[in-house]
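Chemist: One letter stands for each residue in the lines below.
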Amino acid sequence: MRGRTALTIALLVVLAVVIQTTLFGRLRVVTPDLVLLIGILLALTRVRPEAILGVAFIGGLIMDLLGASLLGLRAVVYTVVAYIAIRTKERAELGRVTIAIWAGLLTLVGVVLLILIGTLFGQVSLLGENAASRMILVPLANVAVAALLAPTFVRLVDRDRTALRYP
Amino acid sequence: MLTTKRTDRALPTFITLLVVGVLLMTFDVRLDGGGVVGVLRSGTQAIVSPVQRLAAFVVNPVSNALDSLSNVASLREQNAELSAELAEAQASLIAVQDQIAELELLEQLYDLGTAEDQVGRTVANVIGAVDAALIIDKGTGDGVVVGQPVIDTNGYVVGSVTSASPGSATVIPITAARQGITVQVGSQTGALSSQAFSADMTLSMVLDVFDAREPVLAGDRVVTSAGSTNFPAGLPVGEILEDASPESTSLNTTVRPFVDPETLRLVVVLAWPPDPITAVTDDTVPEETTTTSEAEGTTTTAPSGEDG
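First to last, the protein sequences are chains A and B.
Quick note: the first sequence uses this note's numbering, first residue 430, plus one each step.
Quick note: the second sequence uses this note's numbering, first residue 3, plus one each step.
Be careful, since some hints might not be right.
[What the hints assert, rightly or not] If you want the footprint, here are the derived chain B segments under chain A, 3+ residues with CB under 8 Å:
# : region
1 : 18–24
2 : 27–33
3 : 53–67
4 : 132–143
5 : 210–222
[Unchecked claim] Computed beta-carbon distance windows for the label pairs:
#  : chain 1 : residue 1 : chain 2 : residue 2 : range
6  : B       : T231      : A       : A573      : 41 to 51 Å
7  : A       : A576      : B       : P14       : 51 to 61 Å
8  : A       : R590      : B       : V148      : 41 to 51 Å
9  : A       : L545      : B       : S85       : 42 to 52 Å
10 : A       : A573      : B       : V41       : 37 to 47 Å
11 : B       : G36       : A       : E522      : 45 to 55 Å
12 : B       : R223      : A       : G524      : 56 to 66 Å
13 : A       : T548      : B       : I17       : 16 to 26 Å
14 : B       : Q101      : A       : L549      : 54 to 64 Å
15 : A       : A576      : B       : A82       : 19 to 29 Å
16 : A       : L549      : B       : N254      : 17 to 27 Å
Hints are computed from structural coordinates only; laboratory data are not their basis.
Quick reminder that beta carbons are idealized off the backbone N, C-alpha and C, glycines included.
Could you put together the complete structure from these sequences and hints?
Modeler: If you want it as structure tokens, here you go:
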């Protein structure tokens with residue numbers, strides 16, 4: 430990962446964390462998980478897989494540190510989701526809808542894992558009111574965000590205007 | 003070939019990160035959020051909170067507008083009702099102001115001060131949220147420390163401070179706290195705990211009274227108990243949702259908290275318990291109230307306690 434790409438990703442992660450904890454932390458219905466989505470969409474770029482895993486882990490760790498849940502909980506979950514994204518990205522690169530659904534499904538895996546591991550560690554109440562409804566709302570919101578922003582995100586990170594052109 | 007090599011390197015990285023993550027979780031559980039973990043949290047908050055505060059200036063009007071859009075149908079009706087209430091309240095206010103002036107005069111004459119006056123208050127804006135945790139724009143620099151109780155502007159219990167940096171702090175609402183709080187319903191004392199998966203997706207908590215002597219009725223007020231180590235006694239918490247009668251010696255029912263943490267924009271951090279040395283030996287030192295006006299972006303500090 431070259432310097433400028435690393436800087437772009439770092440800025441995107443910081444931006445996602447700030448938007449996630451301010452705007453989307455306050456809204457009840459529109460609740461995408463932008464930091465998780467960055468880990469997923471990075472799999473579509475030319476960034477090395479191990480760097481993607483590192484970004485996902487650090488993004489999750491920052492969210493853990495800013496919240497009150499167990500340190501490492503999100504870091505582990507985001508890393509797992511990023512790894513699945515790296516392994517399955519070939520199946521997603523078919524079109525806008527496929528990418529959105531793929532991102533949504535991976536988000537669902539992330540939310541389920543978060544609730545599951547959170548429950549095992551007695552953290553589920555800290556994950557917010559009505560944790561069950563998050564399993565529907567967060568993936569749906571990420572589907573919408575991925576459909577809108579995935580190509581722009583990939584082009585920005587790869588600095589390639591021709592990247593991720595839908596057929 | 004290149005792709006295979008990269009995938010091969012991804013797996014060891016993945017496993018390493020998982021191990022590190024699990025180790026971090028273990029450390030956090032063992033240290034109970036303190037020690038190195040506490041320092042890390044404070045450090046991250048200190049770095050991110052200035053950006054969050056800046057973002058909140060832009061984001062809060064947007065989120066308020068979006069919140070309002072969902073309620074636009076009832077806003078006109080509410081406006082008319084509120085106008086009528088305002089007229090009544092203004093009339094009452096004039097009468098109350100006279101009484102307050104008289105009360106203050108009497109308190110000065112007889113050297114009295116209410117217990118409430120001895121508790122310092124720090125008014126803070128909610129600048130963000132991560133899951134259930136609220137991030138406020140006041141921290142150790144404003145006298146906010148871990149463990150202090152937090153209420154809303156109406157005096158209803160919100161939660162308590164779990165971590166604090168110089169410029170911000172994290173508040174966990176009672177609806178999400180792992181530890182329950184000791185409360186009182188009528189003359190009975192019980193434990194109120196959070197309920198993460200409520201069946202009807204509404205904000206509610208579970209009340210357990212282990213030495214129940216009489217039934218509780220829907221609408222009964224639940225307040226913090228004198229037996230609580232985390233909150234001052236008598237703060238309103240919520241109301242009973244369903245009638246419940248003692249079964250053997252225990253009683254179990256649901257409580258609707260008065261505060262919905264997701265709608266909070268301003269909270270008040272209480273300097274409680276008050277410093278025992280200051281409270282006992284030096285009544286002349288007033289507690290300070292730090293107030294931030296969100297609209298004006300200004301901070302003012304003023305004494306709120308009564309002088310000796």
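Chemist: If any of the earlier hints don't hold here, list their numbers in rising order.
Modeler: 5, 7 and 15
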